[in-house]
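**Student:** Protein chains in written order, with our numbering: chain A, 2 to 371; chain B, 2 to 371; chain C, 2 to 371; chain D, 2 to 371.
Hints are supplied without guarantee of correctness; some may be wrong.
Note that the list lumps identical chains together, so a pair holds whenever it fits in one copy or between two copies.
As the list claims (entries may be wrong) - Straight-line Cα separation of at most 25 Å, SDA-like style, residue types lysine to any residue; simulated pairs:
1. Lys309 with Ile276
2. Lys309 with Gly258
3. Lys325 with Glu204
4. Lys167 with Gly258
By construction, these hints were calculated from the structure, which means they are not laboratory data.
Below are the chains, spelled out letter by letter.
There are 4 protein chains.
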Amino acid sequence: MSANTIGAMFKVTSFGESHGRCVGTIIEGCPAGLRISEDMVQKELERRRTDQSSFLTQRKEEDKVEIVSGIFNGFTTGSPICMIVWNKDIDSSTYEKITFTPRPGHADFTAYTKYGGFNDYRGGGRFSGRITASFVMAGVVAKKMLALLSIEILAYTVEIAGVKAKPKTLKEIKDNVESNSVRCADLTAAQRMVEAINKARDEGDSVGGVVEGVALNVPVGLGEPVFDTLEGELAKAIFAIPAVKAVEFGSGFKVVGMRGSENNDAFIVEGGKVITKSNNSGGILGGISNGMPIVCRIAFKPTPSILKSQSTIDLIRMKPVTLKIRGRHDSCIVPRAVPVVESMIAIVLADHAIRTGLIPRVVKGVNLDR
Amino acid sequence: MSANTIGAMFKVTSFGESHGRCVGTIIEGCPAGLRISEDMVQKELERRRTDQSSFLTQRKEEDKVEIVSGIFNGFTTGSPICMIVWNKDIDSSTYEKITFTPRPGHADFTAYTKYGGFNDYRGGGRFSGRITASFVMAGVVAKKMLALLSIEILAYTVEIAGVKAKPKTLKEIKDNVESNSVRCADLTAAQRMVEAINKARDEGDSVGGVVEGVALNVPVGLGEPVFDTLEGELAKAIFAIPAVKAVEFGSGFKVVGMRGSENNDAFIVEGGKVITKSNNSGGILGGISNGMPIVCRIAFKPTPSILKSQSTIDLIRMKPVTLKIRGRHDSCIVPRAVPVVESMIAIVLADHAIRTGLIPRVVKGVNLDR
Amino acid sequence: MSANTIGAMFKVTSFGESHGRCVGTIIEGCPAGLRISEDMVQKELERRRTDQSSFLTQRKEEDKVEIVSGIFNGFTTGSPICMIVWNKDIDSSTYEKITFTPRPGHADFTAYTKYGGFNDYRGGGRFSGRITASFVMAGVVAKKMLALLSIEILAYTVEIAGVKAKPKTLKEIKDNVESNSVRCADLTAAQRMVEAINKARDEGDSVGGVVEGVALNVPVGLGEPVFDTLEGELAKAIFAIPAVKAVEFGSGFKVVGMRGSENNDAFIVEGGKVITKSNNSGGILGGISNGMPIVCRIAFKPTPSILKSQSTIDLIRMKPVTLKIRGRHDSCIVPRAVPVVESMIAIVLADHAIRTGLIPRVVKGVNLDR
Amino acid sequence: MSANTIGAMFKVTSFGESHGRCVGTIIEGCPAGLRISEDMVQKELERRRTDQSSFLTQRKEEDKVEIVSGIFNGFTTGSPICMIVWNKDIDSSTYEKITFTPRPGHADFTAYTKYGGFNDYRGGGRFSGRITASFVMAGVVAKKMLALLSIEILAYTVEIAGVKAKPKTLKEIKDNVESNSVRCADLTAAQRMVEAINKARDEGDSVGGVVEGVALNVPVGLGEPVFDTLEGELAKAIFAIPAVKAVEFGSGFKVVGMRGSENNDAFIVEGGKVITKSNNSGGILGGISNGMPIVCRIAFKPTPSILKSQSTIDLIRMKPVTLKIRGRHDSCIVPRAVPVVESMIAIVLADHAIRTGLIPRVVKGVNLDR
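Extracted from the complex, chain A is given alone in its bound form (with noise of 0.2 Å):
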């Protein structure tokens, strides 16, 4: 039973709860000898903090990381290590009502059932997003182990509340994702992405969208068929993310309109490499890599979390009641789930790295600065 851990040789351990002591994450196969730091894991903290625009939650989470093993002097020790946010600025008192009347789209209920109601109901317990912090600090190690091998990995709106983003180059998207905030490549498109999202959060209403993440440089070889294709195990990855309802790769859903002659990508010698014209495969071809950069696209449901009443049920009582959330809520969760997504994928290629064995046990030679 894994089911607080990912990974089969880089292997991350989630722990905590949303108002619980704390959020935490144990990163264990990692290579000695490389170099982290607390400063690193909190950029990218900053990146799903919840403060960045009008529309996302007012809670005002510190988020500061503390790493509180497996890194000495500065650089990893081959040990686990674990990472600690712990939690402050709390308010449980507007759970307490929800205790017994679960929350339409959320999984009061499955946990209440399935954990015999001893779960953590504050704030959705293990349930909530702020569990994903938890992958972002590992997401941070692993984005580090690939940059051992060029592998580079981004993740950027394309789509929010019906508003779809135009393609855009390489050069634009990082240029564009961090600068709006939506983090779409699209500029024109985000305007109107946050007008969707703000008009959604005035009627007391959420809206969804779709993230694509891209993974550029990889080395063709990643991927385990014929159980752990890399297809098989980003999407399970990445179905660890709250609210998400479906995973495509390449042209993915397309690919039912398209004959075998569109579909398939021709092979071409290109400065002395193997590559395809096209990348309908998503970089994945029999579970494997191919070389290509790995694309996939990922739909958001709208935050089930909405201002406007529902119907529901009281537990105890089976009777049906009218439900009113109240609270701090974000309209739409998907700008804040981008950096998510980079650190499912990043772990996911970090630990297919290591079982294909690309990537040493020590990173460099001795260490003779002890």
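Given the structure of chain A, go ahead and fit chains B, C and D onto it with the hints provided.
**Tutor:** Positioned in the frame of chain A, the structure of chains B, C and D alone reads:
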């Protein structure tokens, strides 16, 4: 590294190659005392056979299963069950020609690179659709276990080559799916799908499609957040089926255009049981089954093996060449994928039923009959 | 790679270093609804503390446990339980000198080589006996779970420095073990053990010994052949305790001189229950518990940290040097190992109790008290 | 639940029963490009066969191996290797009588209880020594992998029925072990061991013994603390061999009477390499190989199947009965266990060699020969 094994408690290991000696499966974690016979398994294997209709490949696979361990006097023993289908009627000669000229859309290039050319390339070897016979054999045991909990698994074609099926009732689905060669419950659409496949085949081309999978009577509580969510586990298992490029649950990609107030499924009480009014969640909330039908849709790409000429390269000379594939190939894999999708869903749910403590280690009391 | 995790269903992950920030543990797979408090854990941590008697190390470890996740309102939630003991009162200065001159009998050389010198060497780092605090914390939860099945775990010293204890009754063991500093049920032998330890210490030397571990009221059926035999699983867990060099079950090495007719334990019926007349098997047949007490004996080597001068090498210059270890060290680790042995046995049995389906996922009915 | 699988990266799965259709093994994680033939495997299987001498069982096991997957053109492909030995010459009639009268010292009672009577009891079924054929087949692949690193594995008998062998040089061991039916390097002791076994057999009884296992040329760094120590992993693997009751490393139980100053192995430099002057540690420090020979000793109990009358019970009537076992049984299992011990050591070291990054995913460059 569990590359060839899936499942935490109900574990399925696949082995074998398309044109090697056999395709086989090892099934572990099954309780003792479950009645399993070769006939049961044979029946399911027939469903994925090739000779059901003219547009499927002409290889007469006999697919006769042999159970070589784990069953004694007709019952499971609690020990690993090994089932084998021996390969017969194999003509690998056409494959010899494509050894160093990878077929577009296939795993030839990635497998060659990953395994240094030592992979068994005949008929796609380990990457062949034939490997799904090992999934189907395990699926039979999984379905039998799930029957203890009255869980039922269905799959059926909902789109091929752009032809979409109309939604049908559960009764229509059960009545119609096995009545036509494309396994579609909408008989009018089915006819048009057949025509579209035939047209593509006549043009030396192929088409893709969508399979919908459903699990009925699933109890509340299956799924193990944060990483072993039911969506994530199902997606990973389903991506092990060759040609899958996308998986969605419930409203799937449609959530992107929905408001939270639309997409949230209201809880109601019906017959003393908590259910939801709509099922946009696809039966899963917070990664855990909520008691509603689990619904997923899976996109299959058009079969990459087409008779049309294609551009590829000679891996030794690193020069472009034109490839002409001969031999026997499905023009549309979708109908044959239907029982495989059922098997993958069954395998994942069986695993989680055990993990949740719903399946005893021995199915019934002590066997006094030995 | 589960290097820092043990268990298939009841999973224990250890992290932390001797002189780093903390030593911690993550406990997964524990059912929801189990009452666990910091006090319970604290009590067991005290048992492995250092200042019980003069021959144990003088470092005043405070070992104050903090439970930072997985417990809510005093009960387990079904989510991972993280417990941490923060390191205090640390003086690493003496260790700085031995960085490149590995201490004989310690992991200094192997860790240095394996991790390229990036390992945290202070106080033995990850290889310190202090890491067993993470085992003991998990052991408390395991014992609590086993109490649901009335399983009881005991351990006690049976030999130190050649002084062997006489066999004692269960009552004597329970009465006497915690009454003396060497945790031996034979009080006469205990006195002589203390003297032997003191003598060794006065000579700047150290001694080893044997701990016997017992599990009572274990139901028939724990253990999962062929590889996860109860002996194999217990042995693996026990070898994680530093200084263990041998493990035997039941008659152990004595079986070598016995005939089959002597060693076979005859089955008899007593009080309507099948038991065996003797217990040479140590409660395990075919890798599965047979209902008799599980009995194992574990050899601990003399503490490698001794004050006497020792020959070693300078790893940089590759030249012989004489090493003189200073600092605080136990002259005999055996008494402090007793609660650790109990913990390892408890962890393994708890895991197998879950695997055998004897522990529900929720300890009692739905919690209406929240 | 990895009950039938051992290893994290080099994974061995055992299946089959003593009197079922076959005994088999699946080997995963082996690099592509390793030359493996049925002949190699056959040779090792012969070493554990039964008809080497009069005191071993008379069943003429043919043990003809078939490799049914994972090998192509004589080389490993990187896919799972399945090897099968079909059972022949089976006479289960004598076992029918003891179905409900469990044999003392056997797994009959525990298996019956655990699996509710559904276990295949014929010939011990899954608990038979015959299952070790699946270990030996995997051991051949493991040894072949270890040969890439020049690691060599040896095992030999050092004690039977109280007769102890004198220590012998490595050359004497290699020369003598296969020259006598008890696989003992001390030929004088070997003769007395044979006599002791014959005497026991003539009296309808059986005897136990000790096998010593050694691994030579093991590089520094194998083993993954804190839980996957080399001792722990080896012990777990070795306890999978039926009849093992104790495992010790290096000085083993002797450490109990030693001082730290005696037991610590001084580091010295020899030929530019760090070694230890003595080898009390058995080649393992802190759970990690230190470059010295790995040495372990394993106690085997006397074969529980004896011809003498024994007391047991009728499980249905819960009444005492006298049991008289007939059929073919070894009077001493030790000599046949020797190649099995070698196999278990090889399997564990192969796994850790991969985990440590010492084995590439492809043994040599790209195969141009296909």
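**Student:** If a hint holds in the structure, say so; if it doesn't, say that too.
**Tutor:** Okay, the hints, checked on the actual structure:
1. Lys309 with Ile276: This pair counts as between: shortest inter-copy Cα distance 21 Å, intra-copy 51 Å.
2. Lys309 with Gly258: between (39 Å within a copy, 18 Å between copies)
3. Lys325 with Glu204: Answer is within: at 14 Å inside a copy they meet the 25 Å cutoff, but 59 Å across does not.
4. Lys167 with Gly258: both (21 Å within a copy, 17 Å between copies)
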